[in-house]
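Number of protein chains: 2
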Amino acid sequence: MSEPLRLGIAGLGTVGVGVVRIIRTQAALLEARLGRKIEIAAVSARSKSKDRGVPLTGYGWEDDPVALATRDDVDVFVELMGGEDGPAKAATEAAIAAGKQVITANKAMLAVHGQTLAEAAEAKGVALKYEAAVAGGIPVIKTLMEGLAGNQITRVMGVMNGSCNYILTRMETSGKTYQDIFAEADGLGYLEADPQLDVGGIDAAHKLAIISSIAFGTRVDFDGIQLEGIERVSIEDITAAADMGYKIKLLGVTQMTGRGLEQRMQPCLVPETSPLGQLEGGTNMVVIEGDAVGQIVLRGAGAGEGPTASAVMSDVCDIAKGSAGPVFGQPAAGLATATAATSQRPAAYYLRTALVDKPGALAKIATVLGEAGVSINRMRQYEHEAPEAPVLIVTHKTTRAALDTALSAMEDTGVLAGAPVALRIEEV
Amino acid sequence: MSEPLRLGIAGLGTVGVGVVRIIRTQAALLEARLGRKIEIAAVSARSKSKDRGVPLTGYGWEDDPVALATRDDVDVFVELMGGEDGPAKAATEAAIAAGKQVITANKAMLAVHGQTLAEAAEAKGVALKYEAAVAGGIPVIKTLMEGLAGNQITRVMGVMNGSCNYILTRMETSGKTYQDIFAEADGLGYLEADPQLDVGGIDAAHKLAIISSIAFGTRVDFDGIQLEGIERVSIEDITAAADMGYKIKLLGVTQMTGRGLEQRMQPCLVPETSPLGQLEGGTNMVVIEGDAVGQIVLRGAGAGEGPTASAVMSDVCDIAKGSAGPVFGQPAAGLATATAATSQRPAAYYLRTALVDKPGALAKIATVLGEAGVSINRMRQYEHEAPEAPVLIVTHKTTRAALDTALSAMEDTGVLAGAPVALRIEEV
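In order, the protein sequence lines correspond to chains A and B. Last residue of the first sequence: 428 in the working numbering, with the numbers rising by one and none dropped. Last residue of the second sequence: 428 in the working numbering, with the numbers rising by one and none dropped.
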């Protein structure tokens, strides 16, 4: 039987409390699985007196997370405070400098400072683990870094923000507008204190940046992500997409191309019959494609006390067993700097527009599309009241450049009754 | 840079060739990820001269896998021959005795001899790893043993034999009988040399036995599995189930109850809208439920060269990094012997029968069901030609004992025109 592994937990919000709860209730099971005890040496949070529903007696207390990170009786510093800078980063750096192993759930910190933190941890020979930073309880990091270690990863896609998927799903089932459902989700406490992190796609993009680094052996490059939130997804588009057999998802896609690393986080259409299309509510899904394994789909809760604490405990258990490796799967100092590339590969697109209700309007649109080299796969004109005629088009595969030319030419026809909406249809 | 890790690969069928191919084509990537080279020291197979599409020059050759397993230049013995006894077991035992690490894809051997092999490996201090033994490329073992190590596992379910799922899916889409589609699958080479391993549910049950051991800390107990294959699933049931909103799957379910370990592998109905219900063709899916994480769904290819070799390589990479632990997640010597329990928890059931076409026949059936305490949720009688009236019933939750009483009483009514079919409806 080895020595107990002693944790210092900074941050006692939902996730921190979940970790404390698991360590208390599953002590015997953990000891049987690990051959050693997991102990909490000390904790740190904003308020010492707050009742969090778990007893903290017997644990040391630090007001300052940096002091917690460097305590002699702490083997592993568990950073669950969040925030890309500030106390989280200071305490993480202090823990690494003090030779502590580190576990964090902080996707923002890793997406922005991951490279320097990884280099520091590797130079010091300590682990920096972060299963909880991506997709909550789904073991995405472990699957990518270990389970598929024999693969050249070709693409990773995912719905990685449950709040956005909740909003999009609820819009579809209720027929209500984005604004209505945003207010509903906010009222239910489903959104971050700064909701822009969710609906602007930033939180999901943080996760995508981390995934890209592991998948492709490149430095984390959050700024290289082509980012678009869900704020402009209209109920009309959700309804029209459904009518054509698609769902709209805030989809992250990362893949290495000959021109560089393509990272996109944007609303896309996916077939309603695909696993991603069938994903409803707050659940997350990550689809990993490798040259040997083909396609692996992972699905589970992307947030919440239990799932996120489960992911933290996976890291705790790995450290307890002495399993470690480079932070992003390859030594950080040797990671290549990715060239950010925008997608130039052809894709099908969904176009929704409204035409003035005059003879020949539709023909004009079809003509300019054809002239731009954009071929129409399906087109629907709905029964309507004058003066506007709603039109839906699904194109064959085309480049974004050709599509932009077509969109511009459509404006010039004078038959549009509003600005067209164009959304990429992702092959999943 | 550490020393190279030297493999001895026994068995050069589909999976063995896939492993050789990955090691040859991904050498640079593996070295970057692992900080050491992966080398093939020697191989063993039935025929030395057969052209397998990958060059074997530069590798040592052994006719006898036992000789391969004990070679001085082999660090890891990779057993890809298959078969629960015979050369696979002899060579695995020899490798362990010689202090070699072992990787195997052999579910049959582990399901039957897993306990003794694990005890031997742990006594010798060597790894015995088997990611490829369960669900092909899906990292089920790693997810259960490491990714969800902080969870008390409550239930694991899965479709773990792609051939059976192919047959059931093809029956539904084609409307053809089991016999027709079995012949089709056999002709396409989708079935084992002994097809009973597939369609009898034995192969999938081997996998379930391994999963149970990890999930519940019990000794592998293949004999404790309640096992039923797909041979008796009729096209009539597939069609009728679809009409009621269900799919029929060969579903493995394992859970620990107060009375013991319930392990079932049998055709069940699942809602067509559930992830399991939506699984088509040869794909596998494993659903893991833990007290903290909730439900995690893993989906991917359950067989084939690339996916299975990918799983073997996951084990190779773990051993290269020095990550190891007890074979079934807890020291084998301390694993409890499971008490095999049959399910006594209530479930809904699907009943299909045909009645003689006489007034009052349906009432008689409804009456005996009620008298047995079996409550009807939905009932459908289809338009029919005399003299037989097909009837479908979905019951509310009831015990199997009550259902058996009802089935017996139904026979006694004299209004049945054939033996009723009863299938469990699984809550997924």
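Just so you know, the hints here were simulated from the structure itself, not pulled from any lab data. Among the clues, some could well be false.
[Stated by the list, open to error] Straight line, CA to CA, 20 angstroms or less: simulated EDC-like cross-link-like pairs of lysine to aspartate or glutamate:
id, chain 1, residue 1, chain 2, residue 2
1, B, 37, B, 75
2, A, 321, B, 64
3, B, 124, B, 51
4, A, 176, A, 243
5, B, 48, B, 64
6, A, 358, A, 305
7, B, 321, A, 243
8, B, 321, A, 411
9, A, 321, B, 122
Computed from a predicted structure; not experimentally measured.
Hints, one by one, checked against the model:
1. Proposed proximity of residue 37 of chain B and residue 75 of chain B is supported: the alpha carbons are some 13 angstroms apart, at most 20 angstroms.
2. Straight-line distance between C-alpha atoms of residue 321 of chain A and residue 64 of chain B comes to about 35 angstroms, which puts the hinted pair past the 20 angstroms bound.
3. Taking the CA atoms of residue 124 of chain B and residue 51 of chain B, the gap is near 37 angstroms; set against the 20 angstroms cutoff, the hint is violated.
4. About 16 angstroms separates the Cα atoms of residue 176 of chain A and residue 243 of chain A, which keeps this hinted pair within 20 angstroms; it holds.
5. Of the pairs offered as hints, the one joining residue 48 of chain B and residue 64 of chain B holds, with about 11 angstroms between alpha carbons and a cut-off of 20 angstroms not exceeded.
6. With a C-alpha separation of about 57 angstroms, the suggested pair residue 358 of chain A and residue 305 of chain A falls outside the 20 angstroms cut-off, and the hint is violated.
7. This hinted pair does not check out: residue 321 of chain B and residue 243 of chain A have alpha carbons roughly 51 angstroms apart, beyond 20 angstroms.
8. With a C-alpha separation of about 59 angstroms, the suggested pairing of residue 321 of chain B with residue 411 of chain A is violated against the 20 angstroms cut-off.
9. Distance restraint check for residue 321 of chain A and residue 122 of chain B: the Cα-Cα separation of roughly 15 angstroms lies within the 20 angstroms cut-off, and the hinted pair is therefore satisfied.
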